[in-house]
Amino acid sequence: GDSVTQMEGPVTLSEEAFLTINCTYTATGYPSLFWYVQYPGEGLQLLLKATKADDKGSNKGFEATYRKETTSFHLEKGSVQVSDSAVYFCALSDLDSNSGYALNFGKGTSLLVTP
Amino acid sequence: DAGVTQSPTHLIKTRGQQVTLRCSPKSGHDTVSWYQQALGQGPQFIFQYYEEEERQRGNFPDRFSGHQFPNYSSELNVNALLLGDSALYLCASSLSQETYNEQFFGPGTRLTVL
Numbered sequence: 752g753d754s755v756t757q758m759e760g761p762v763t764l765s766e767e768a769f770l771t772i773n774c775t776y777t778a779t780g781y782p783s784l785f786w787y788v789q790y791p792g793e794g795l796q797l798l799l800k801a802t803k804a805d806d807k808g809s810n811k812g813f814e815a816t817y818r819k820e821t822t823s824f825h826l827e828k829g830s831v832q833v834s835d836s837a838v839y840f841c842a843l844s845d846l847d848s849n850s851g852y853a854l855n856f857g858k859g860t861s862l863l864v865t866p
Numbered sequence: 025d026a027g028v029t030q031s032p033t034h035l036i037k038t039r040g041q042q043v044t045l046r047c048s049p050k051s052g053h054d055t056v057s058w059y060q061q062a063l064g065q066g067p068q069f070i071f072q073y074y075e076e077e078e079r080q081r082g083n084f085p086d087r088f089s090g091h092q093f094p095n096y097s098s099e100l101n102v103n104a105l106l107l108g109d110s111a112l113y114l115c116a117s118s119l120s121q122e123t124y125n126e127q128f129f130g131p132g133t134r135l136t137v138l
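Note that the protein sequences, when read in sequence, are chains A and B. Adding 751 to a residue's 1-based position in the first sequence gives its number in the numbering used here. Adding 24 to a residue's 1-based position in the second sequence gives its number in the numbering used here.
Just to be clear, a hint being listed does not mean it is correct.
Claimed, not checked - In silico BS3-like pairs for lysine-lysine, Cα to Cα no more than 30 Å straight-line:
hint : chain 1 : residue 1 : chain 2 : residue 2
1    : A       : Lys807    : A       : Lys828
2    : A       : Lys811    : A       : Lys828
3    : B       : Lys50     : B       : Lys37
4    : A       : Lys828    : B       : Lys50
5    : A       : Lys803    : A       : Lys828
6    : A       : Lys819    : A       : Lys858
7    : A       : Lys858    : A       : Lys811
8    : A       : Lys803    : B       : Lys50
9    : A       : Lys858    : B       : Lys37
10   : A       : Lys828    : A       : Lys858
11   : A       : Lys828    : B       : Lys37
12   : A       : Lys807    : A       : Lys858
13   : A       : Lys803    : A       : Lys819
14   : A       : Lys819    : A       : Lys807
15   : A       : Lys811    : B       : Lys50
16   : A       : Lys803    : A       : Lys858
17   : B       : Lys50     : A       : Lys807
To be verified - Restraint-style ranges between C-beta atoms, simulated for each label pair:
hint : chain 1 : residue 1 : chain 2 : residue 2 : range
18   : A       : Glu820    : B       : Tyr124    : 12 to 22 Å
19   : B       : His91     : A       : Leu846    : 36 to 46 Å
20   : B       : Glu76     : A       : Glu767    : 46 to 56 Å
21   : B       : Asn103    : A       : Arg818    : 23 to 33 Å
22   : A       : Gly752    : B       : Leu107    : 20 to 30 Å
It should be emphasised that the hints constitute simulated quantities derived from the structure, not laboratory data. We put the beta carbon where it would ideally sit given N, CA and C, even for glycine.
Pulled out of the complex, with its shape left as it was, chain A reads as follows (with noise of 0.2 Å):
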């Protein structure tokens, strides 16, 4: 079935240091793939999404290229500030599969950006 692994955090970083968030993804359709951001606390934000191969979502300066070649969906952000600091989730969906209207996430990796 349809399946997300993210790399295992956590990932302490400076501040304005660059981020990698690794991502990689199996599934038997053509998914889309999303990253979501968790604060401490609160729900799940969409970040970014991205719905066929070699598109690239962005935002807030966070950037994800879906890779069909690599199943990837890395996530990358050239200077990380302390706000940053939160849990990322990868997530695909495919219409297409058994899973069909499910979003299936990774674990998470938890960021934790110091001054």
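Fit chain B to the known structure of chain A by using the hints.
Frame of chain A; chain B shown alone:
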């Protein structure tokens, strides 16, 4: 534009009790999904409601049931609570006509079972 709202924010129950959680979707959305997020884990899909019917269900026992009302709001009911049901319950709404299943989440209800 109101986002997804959930109530209550927190709940404490004891084993064997029953609980009802409520969700109002984002304005204009007609589909509601429920997820369970255990501590330190990613959300797990419970089920999705559309047109007042359960359209799809994840791998959860029948103790978990739901309902969708004509105004698109939804309830999640859990019977015979177990300690393992302690989690953050997230409601997400979406628009059925949207092609890519983009879902918007509420702040969640934190359920503690003692």
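Here is how each hint holds up against the structure:
no., hint, verdict
1, Lys807(A) x Lys828(A), "holds, 13 Å"
2, Lys811(A) x Lys828(A), "holds, 9 Å"
3, Lys50(B) x Lys37(B), "holds, 28 Å"
4, Lys828(A) x Lys50(B), "holds, 29 Å"
5, Lys803(A) x Lys828(A), "holds, 21 Å"
6, Lys819(A) x Lys858(A), "holds, 21 Å"
7, Lys858(A) x Lys811(A), "holds, 23 Å"
8, Lys803(A) x Lys50(B), "holds, 26 Å"
9, Lys858(A) x Lys37(B), "holds, 27 Å"
10, Lys828(A) x Lys858(A), "holds, 20 Å"
11, Lys828(A) x Lys37(B), "violated, 42 Å"
12, Lys807(A) x Lys858(A), "holds, 22 Å"
13, Lys803(A) x Lys819(A), "holds, 8 Å"
14, Lys819(A) x Lys807(A), "holds, 12 Å"
15, Lys811(A) x Lys50(B), "holds, 22 Å"
16, Lys803(A) x Lys858(A), "holds, 23 Å"
17, Lys50(B) x Lys807(A), "holds, 26 Å"
18, Glu820(A) x Tyr124(B): 12 to 22 Å, "holds, 21 Å"
19, His91(B) x Leu846(A): 36 to 46 Å, "violated, 24 Å"
20, Glu76(B) x Glu767(A): 46 to 56 Å, "holds, 50 Å"
21, Asn103(B) x Arg818(A): 23 to 33 Å, "violated, 44 Å"
22, Gly752(A) x Leu107(B): 20 to 30 Å, "holds, 28 Å"
In summary, the structure is inconsistent with hints 11, 19 and 21 from the numbered list given earlier, while agreeing with the others.
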